[in-house]
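Enquirer: Make the full structure from the sequences, and use the hints.
As a plain string of letters, each chain reads:
Protein chains: 2
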Amino acid sequence: MYKKCSWVNCITDKSKKMKKHNFNAGPSIIPEQVKEQTAKGILDLNGIGLSVMEISHRSKEFSAIIEEAASLLRELLFVPDSHSVVFTHGGASLNFCMVPYNLLEKKAAYLDTGSWSSKAIKEAKLFGEVEVVASSKDKNYTYIPKNFTIPANADYFHITTNNTIFGTEIKKDFNSPVPLIADASSDILSRPMDVSKYGLIYGGAQKNVGPAGVAFVIIRKDILGKVTRPIPSMLDYRIYIENGSLYNTPACLSVYGCLLMLRWLKNLGGVKAIHKINLEKAKILYDEIDRNKLFKPTVPNEEDRSIMNVTFVMADEYQEKEADFLQYAISQGMVGIKGHRSVGGFRASIYNPLPMESVKALIKAMKEFEAKL
Amino acid sequence: MYKKCSWVNCITDKSKKMKKHNFNAGPSIIPEQVKEQTAKGILDLNGIGLSVMEISHRSKEFSAIIEEAASLLRELLFVPDSHSVVFTHGGASLNFCMVPYNLLEKKAAYLDTGSWSSKAIKEAKLFGEVEVVASSKDKNYTYIPKNFTIPANADYFHITTNNTIFGTEIKKDFNSPVPLIADASSDILSRPMDVSKYGLIYGGAQKNVGPAGVAFVIIRKDILGKVTRPIPSMLDYRIYIENGSLYNTPACLSVYGCLLMLRWLKNLGGVKAIHKINLEKAKILYDEIDRNKLFKPTVPNEEDRSIMNVTFVMADEYQEKEADFLQYAISQGMVGIKGHRSVGGFRASIYNPLPMESVKALIKAMKEFEAKL
Numbered sequence: 176m177y178k179k180c181s182w183v184n185c186i187t188d189k190s191k192k193m194k195k196h197n198f199n200a201g202p203s204i205i206p207e208q209v210k211e212q213t214a215k216g217i218l219d220l221n222g223i224g225l226s227v228m229e230i231s232h233r234s235k236e237f238s239a240i241i242e243e244a245a246s247l248l249r250e251l252l253f254v255p256d257s258h259s260v261v262f263t264h265g266g267a268s269l270n271f272c273m274v275p276y277n278l279l280e281k282k283a284a285y286l287d288t289g290s291w292s293s294k295a296i297k298e299a300k301l302f303g304e305v306e307v308v309a310s311s312k313d314k315n316y317t318y319i320p321k322n323f324t325i326p327a328n329a330d331y332f333h334i335t336t337n338n339t340i341f342g343t344e345i346k347k348d349f350n351s352p353v354p355l356i357a358d359a360s361s362d363i364l365s366r367p368m369d370v371s372k373y374g375l376i377y378g379g380a381q382k383n384v385g386p387a388g389v390a391f392v393i394i395r396k397d398i399l400g401k402v403t404r405p406i407p408s409m410l411d412y413r414i415y416i417e418n419g420s421l422y423n424t425p426a427c428l429s430v431y432g433c434l435l436m437l438r439w440l441k442n443l444g445g446v447k448a449i450h451k452i453n454l455e456k457a458k459i460l461y462d463e464i465d466r467n468k469l470f471k472p473t474v475p476n477e478e479d480r481s482i483m484n485v486t487f488v489m490a491d492e493y494q495e496k497e498a499d500f501l502q503y504a505i506s507q508g509m510v511g512i513k514g515h516r517s518v519g520g521f522r523a524s525i526y527n528p529l530p531m532e533s534v535k536a537l538i539k540a541m542k543e544f545e546a547k548l
Numbered sequence: 176m177y178k179k180c181s182w183v184n185c186i187t188d189k190s191k192k193m194k195k196h197n198f199n200a201g202p203s204i205i206p207e208q209v210k211e212q213t214a215k216g217i218l219d220l221n222g223i224g225l226s227v228m229e230i231s232h233r234s235k236e237f238s239a240i241i242e243e244a245a246s247l248l249r250e251l252l253f254v255p256d257s258h259s260v261v262f263t264h265g266g267a268s269l270n271f272c273m274v275p276y277n278l279l280e281k282k283a284a285y286l287d288t289g290s291w292s293s294k295a296i297k298e299a300k301l302f303g304e305v306e307v308v309a310s311s312k313d314k315n316y317t318y319i320p321k322n323f324t325i326p327a328n329a330d331y332f333h334i335t336t337n338n339t340i341f342g343t344e345i346k347k348d349f350n351s352p353v354p355l356i357a358d359a360s361s362d363i364l365s366r367p368m369d370v371s372k373y374g375l376i377y378g379g380a381q382k383n384v385g386p387a388g389v390a391f392v393i394i395r396k397d398i399l400g401k402v403t404r405p406i407p408s409m410l411d412y413r414i415y416i417e418n419g420s421l422y423n424t425p426a427c428l429s430v431y432g433c434l435l436m437l438r439w440l441k442n443l444g445g446v447k448a449i450h451k452i453n454l455e456k457a458k459i460l461y462d463e464i465d466r467n468k469l470f471k472p473t474v475p476n477e478e479d480r481s482i483m484n485v486t487f488v489m490a491d492e493y494q495e496k497e498a499d500f501l502q503y504a505i506s507q508g509m510v511g512i513k514g515h516r517s518v519g520g521f522r523a524s525i526y527n528p529l530p531m532e533s534v535k536a537l538i539k540a541m542k543e544f545e546a547k548l
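Which chain is which? The protein sequence lines are E and Z, in order.
Numbers 176 to 548, taken from this note's numbering, label the letters of the first sequence in order.
Numbers 176 to 548, taken from this note's numbering, label the letters of the second sequence in order.
Hints are supplied without guarantee of correctness; some may be wrong.
Copies of the same chain look alike in the list, so a pair counts if it fits in one copy or across any two.
Claimed, not checked - No more than 27 Å apart at the CA atoms, straight line, and that leaves these computed lysine-lysine pairs for DSSO-like: (1) K195 with K535; (2) K447 with K458; (3) K294 with K372; (4) K372 with K346; (5) K347 with K195.
The set of hints was computed from the structure by calculation and includes no laboratory data.
It should be emphasised that the depicted structure is a prediction, and the values quoted were computed from it without experimental measurement.
Expert: Right, here's the structure in full:
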């Protein structure tokens with residue numbers, strides 16, 4: 176006699192496998208239902224008999240997808256009418272050069288809080304003068320600089336809100352005398368932001384927005400059109416706005432994945448609801464790091480600690496246990512917790528889709544490993 | 176008693192639906208097995224318990240995917256060692272500006288054979304002098320210009336091998352005194368090409384290579400590094416080569432789809448085998464257009480007719496039947512055969528994955544409609 180088949184189980188026999196806890200830094204965990212819906216749309220989009228991969232980006236079906244995705248991002252972040260929401264190519268990295276291409280006429284100000292800031296600064300220098308207002312490089316980016324002045328004569332001021340590698344985060348919305356530009360790749364949608372305070376917010380989708388392949392950009396329209404250089408079409412934010420992100424063919428499948436993930440977040444209660452969960456996930460994990468004698472956090476100042484990427488290392492007297500703990504954690508189903516080579520130790524990326532259950536599993540593994548010693 | 180379930184049938188009950196014949200111009204038809212394998216990889220990649228969407232682009236699993244995709248493209252096109260194969264962001268359109276950014280120091284030569292050539296020319300003009308060596312704009316791009324001279328003092332000579340909108344194609348590999356650059360978005364892998372004759376071949380993946388979201392670029396390494404301008408990292412071909420297309424996060428899902436489609440083509444016998452099928456598909460369709468009194472081709476010269484995009488209009492005395500035929504064809508399962516607004520009439524895009532069966536179904540509809548009159 177045949178067993179009734181759930182289509183997902185037909186493909187993935189999870190009963191035989193250990194539960195994986197996906198702490199990958201990005202591309203990172205996607206909610207189960209988003210994976211299932213994406214797979215379904217690949218086989219047959221909404222029952223039209225065609226895949227989401229094989230319809231025109233100008234078809235009514237795809238227009239509906241990209242419009243709903245942009246409008247959900249707008250709704251979830253309470254984006255004011257002064258700002259446009261578009262999807263660009265090339266992730267945050269392409270935007271590192273698009274920002275100065277579109278906005279840097281004479282001088283731009285940057286806050287240097289890690290590798291991604293440094294990469295953004297490097298690209299900006301090709302287009303004009305760059306003033307680095309402050310940097311935490313002196314202490315391997317383990318804190319967010321305070322007490323700096325944003326120059327009033329800069330074309331804009333650029334920050335990286337969350338530093339995926341170093342585990343620090345700027346959780347407040349700055350008051351800036353010049354347009355505030357934020358790379359929010361790894362903390363967008365994790366907490367409420369006052370979008371009205373920003374000239375431009377951008378980032379790669381592949382953490383809290385959806386699968387890799389698109390970048391989201393939220394732009395205050397009136398800051399555009401002020402530079403004198405000619406801008407290639409595909410780097411010009413105005414072209415994306417005028418064409419509803421469809422000047423050319425986008426990564427359609429990635430946009431579809433973003434739509435499904437944004438719907439998932441809306442159904443869950445939106446940014447305020449997920450923020451509450453994120454704070455709780457971060458709290459219990461940092462508490463364990465602070466409590467457990469084997470570990471110590473890499474970011475001493477609680478205010479600067481990221482609620483998305485929790486970085487920690489072995490306490491001084493247990494350095495030699497690092498590889499053993501990593502092995503033990505892996506044996507308990509943890510994925511992607513090895514720290515970035517520039518920090519060492521461990522990094523638990525606990526983005527929106529990562530369930531509380533996974534954070535608790537990691538904490539359990541930390542306690543068990545401590546008890547074994 | 177339960178019915179045994181094929182997982183694909185669980186999701187898509189095709190038995191109830193009319194077979195669709197997908198003539199979309201791009202994004203376009205994807206082979207059934209590629210759709211099924213992509214869906215599977217989204218739920219669980221090779222049984223690792225994680226989705227292809229939620230693993231690091233630097234993981235061993237994803238490295239294997241992108242390396243095999245690049246190496247299959249190399250194998251299928253017999254790319255010589257002098258050339259690198261990379262995947263970039265932004266489709267052909269971003270490459271419209273990357274080509275001059277990397278290669279145009281003083282003057283570039285372009286052949287104008289349609290909308291895409293014109294867009295490429297527009298971007299190149301931002302970087303230097305552009306000499307348009309010939310154009311078929313005088314006759315709405317219904318032919319490929321002949322008897323032009325490629326200037327020996329140009330930095331490169333740019334062509335669009337296949338004109339998706341106008342249904343023309345350059346089927347031979349030019350001998351060029353300067354690096355030959357080809358946008359081959361819509362005919363790459365449809366026929367053998369002598370890659371050694373090209374300095375650079377590029378295009379959006381979304382026709383014969385895979386789903387939208389990546390561009391393929393085949394570059395003769397020694398033509399790079401000769402311009403004096405600084406190049407932003409994400410627009411610099413050298414950065415893609417040095418980093419194996421992983422300087423930043425690519426559209427991972429799209430790259431995975433490309434790998435599956437390239438494997439499909441290899442299993443089918445490669446470019447030579449598909450070329451034979453493509454020639455046959457194009458032949459029977461053009462034959463019917465030439466034979467059927469209701470229709471006429473838009474490209475009079477057989478030599479210039481595309482084997483990928485077959486464009487045709489109603490014969491002069493049957494102009495008023497255009498909407499009726501479109502309706503009838505749709506009723507018979509044809510998808511995407513309405514011509515582009517700048518040509519009118521019809522366009523049947525018959526890319527590699529479109530089966531002979533679909534071409535025959537279109538021909539049947541053309542004959543049936545003729546018989547009805």
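Enquirer: Which numbered conditions among the earlier hints are violated in the structure presented, ordered from lowest to highest?
Expert: 5
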